[in-house]
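Chemist: Single-letter residue listing:
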Amino acid sequence: MLMRHEVGLHARPSVKLTKLAKAFESRIDLGLSPEGPWVDAKSIVKVMATKAPKDSTIYFRAEGADAKAALAALVTLVDGDFQDGP
Amino acid sequence: MDHRTHRAAYRIEGRSAAPGIALAPLVRLAPVKHDARQYRSAAEEHQALVDALAASQADLISLAHEAGDVEAEAILAFQIALVEDDNLTAPALASIAGGEVANRAWSAAIDSEIASYDGASDPYFRARASDLRDLRDRVLRHLSGEVDQTVPAGVIVAADDMAPSTFLATDWRDGGLVLRRGSPSSHVAILARSRGVPMIVGIEVDQLEDGTDALLDGDAGLLIVDPDADMRTSYCQRRAEQSEARQAFASFSGPALTATGEPVRVMINVTGLAELRDIDPAHVDGIGLMRTEFLFQGRERLPTEEEQYEIYKRMLEWAAGRPVTIRTLDAGGDKPIAGLTQPGDINPFLGVRGVRLSLRHLDVFRAQLRALARAAVAGNLKVMIPMVTVPDELDRCRTLLEQAVEDLRREGGEAQMPPLGMMVEVPAAALTIEDFHADFFSIGSNDLIQYVAAASRDEPQLADLARPSRAVFSLIGHVVSYANRSGREASLCGDLAGDPAQIAALLDQGLRSFSVAPGALRPVKAAIARYSGPAA
Chain A
1 MLMRHEVGLH ARPSVKLTKL AKAFESRIDL GLSPEGPWVD AKSIVKVMAT KAPKDSTIYF
61 RAEGADAKAA LAALVTLVDG DFQDGP
Chain B
87 MDHRTHRAAY RIEGRSAAPG IALAPLVRLA PVKHDARQYR SAAEEHQALV DALAASQADL
147 ISLAHEAGDV EAEAILAFQI ALVEDDNLTA PALASIAGGE VANRAWSAAI DSEIASYDGA
207 SDPYFRARAS DLRDLRDRVL RHLSGEVDQT VPAGVIVAAD DMAPSTFLAT DWRDGGLVLR
267 RGSPSSHVAI LARSRGVPMI VGIEVDQLED GTDALLDGDA GLLIVDPDAD MRTSYCQRRA
327 EQSEARQAFA SFSGPALTAT GEPVRVMINV TGLAELRDID PAHVDGIGLM RTEFLFQGRE
387 RLPTEEEQYE IYKRMLEWAA GRPVTIRTLD AGGDKPIAGL TQPGDINPFL GVRGVRLSLR
447 HLDVFRAQLR ALARAAVAGN LKVMIPMVTV PDELDRCRTL LEQAVEDLRR EGGEAQMPPL
507 GMMVEVPAAA LTIEDFHADF FSIGSNDLIQ YVAAASRDEP QLADLARPSR AVFSLIGHVV
567 SYANRSGREA SLCGDLAGDP AQIAALLDQG LRSFSVAPGA LRPVKAAIAR YSGPAA
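Protein chains in written order, with the numbering used here: chain A, 1 to 86; chain B, 87 to 622.
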C-alpha cells in the first residue's frame, strides 16, 4: 500500500501515524520503497529515523487479523495530509 | 517578621546588564550533572531508569495539558511518544543488565539517536536533535533527583548562562536574572533591557542559596542577599519612583529636538509584536530594527512564508505609515538556530552568520524575502541585511529580492520592492562604505565595537576594551559623512544609541537617527534635548 504526502514524516505527523498504528493488533511496517527496508510503524524512533522528506512515497504493509482496516486507516491519514489523526 | 535576626545581609558586585530593581526569592538553575549517580545493583539501576522514564512521561503529559498552544503541544507530544517507545528504552535497559549505571546507559542509548539527527542532511530533522537532548536531560534530572528546570514566575533566577529561547519562555513579572557568564551585550541582556527585566552578569552563582530573598539592583550591578528591613523599605520607595518615571515616560511624546531645535529621529528596536502592546506609536519615529531571529528560535519547524508575512504585516499596521526596518535572519554568533546554524563552530562570531548564512540556505532566505516583498505593500517597509562584508553580498540579496517580487507578481500576488539597506558592523564594510549599493545604512555598534577592538563582548575581563573607542567613533563618522553626502539615511541601532552618555558624541559625528530599546526612549530623548552642538 503506498501513499504520497505533502509534509514529510515530521514529528507531528509521525506521532499521529504511530498512535494510529498502535490502535491495531496487526504488525504494521513502513518503508520508503516497495522492497523495504521496513520499519515498525508503531515506533516513533523508527518512523522518524526514516527521515522521509516531503513528497516522498510511503509504503505500508500489514499482517494480522485487522490488517485491512489498519491499512485503510493509515492511508486515510496520509491521504488527508495528517489533518485528522486520533 | 524581622529579617535582621538570624543572618546579616551581604552584597555581591557584578555588572549591570539591564536596569531596574527586583526583590524576590533566589532560584538556582543548575546544569545537568551527567555522572552524579552511584551504581547500586543491576536491579536497582533498572528500576531507577523505569521510574525516571515514568516520571518524565508524567511531567510531559502535564506540561502538554498546560501548554495551551499548538506548537508547544506538538513538541511535547513528540517527546511523550519517544519516552514511551521501547526501541529507545530497550537498549538502555539491556546495557543496565550488562552492569552499566542507569544514567550512563540512558545517555548512551539516546546519544546515538541524537548523533543520527545531528548528522541528518535535512535541516528539519537536524533540528530534532534538540528535542531529544531536552528529553535526555529531563530523564537525567530525574535519575539524579534534581528538580525540573522550568523557571517559576516572580523569582530572581541565578544560572551560569541562559538560552534566549528559555528567556522568552519565562514569565519575568516582578523577577530578575543573575548570570555568571554572558555580558551586558549578550542577546539575553538585549532582551532583558527591551522587556524591562533587571539583570546583572559576572556573579559567582554557586555561592547563592535557593529560596533566599535577594534584592537585585540592575542599575548598580549589585545583588544583596538577605536584605534587611531598611533595604526592603528603600526598595519599595525606589519601586514607587520608577513607576512614577514610567508614567512620565508614557506622556513623553512628540518628536525629539536638540536644544537648538534640530529634529532627531528616535526609533525603537523590537523582537516581536508582544513588545508593541504597551507602546504608543505616536511616541516613536518608527521601528529602526526588528530582529527576526526570534521567529526562528525555539520552534518545532522554521516559520513559513505565510507566518512571517502575517507578523511583518501587523508590525507595519502598528506603525501606521512610520518606517519599519526589518532585518533579515541574523542567526549564528550568539544566536544559534537548531538545524540551521553550524554546531561546534570554533569561532562563531567570525563564522557563517548573518547574510553569510542566508546566502547558504537559499530556501529559508527566499521564503523570508517573499514574505517581506508581500508585506511591503502594507506600509513603509525597509529591508536590512546583517553582517554585510563585501558589496557582492548585498548585490546578491538585491537580485534575490527583485526575483521574489517578480515571482510573486507573476503568480498573481501583490508585491513591492522595498528599500534595501545594510547593517554596518564589519570594519571592512565601514572602511569602504562608498562601494556598497545600499539604499540606507544602519550602524550595528555592538558587533562593530567587538570587531574593531578584537575583544569579545562576552568576556567579562575585556569589558574595558569592548567599550566604544576613538577608533569606533572615527568609523561611525566616516559612514555618517558618506551617507549625508550621498543623500542616504544613516542610523545607529546598537546599544551605544541607548546610552544617554554617548548621545552627544554620536550627534557630534553628524548622526541624526537612532534606534533604541523601548525602555531607553525617554533618557535618550532627554539627552538629545540637552545637546546644543559640538563642544567648542
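One should not assume that every hint holds.
[Unchecked claim] No farther apart than 30 Å at their CA atoms in a straight line, the calculated lysine-lysine pairs in the DSS-like style are these: (1) A:Lys46 / B:Lys399; (2) A:Lys22 / B:Lys399; (3) A:Lys19 / A:Lys51.
[To be verified] Away from chain A, derived, C-beta distances all over 12 Å, residues of chain B: (4) Asp260; (5) Gly347; (6) Asp550.
It is worth saying that the hints were derived from the structure and are not from the lab. None of the values given here were measured: they were computed from a predicted structure. Glycine included, each C-beta is placed from N, C-alpha and C at the ideal position.
Chemist: Each hint: holds or not?
Modeler: Hints, verified against the model:
1. A:Lys46 / B:Lys399: violated, 41 Å
2. A:Lys22 / B:Lys399: At roughly 43 Å apart (the allowed maximum being 30 Å), lysine 399 (chain B) and lysine 22 (chain A) break the hint.
3. A:Lys19 / A:Lys51: holds, 18 Å
4. Asp260: holds, 35 Å
5. Gly347: holds, 58 Å
6. Asp550: holds, 47 Å
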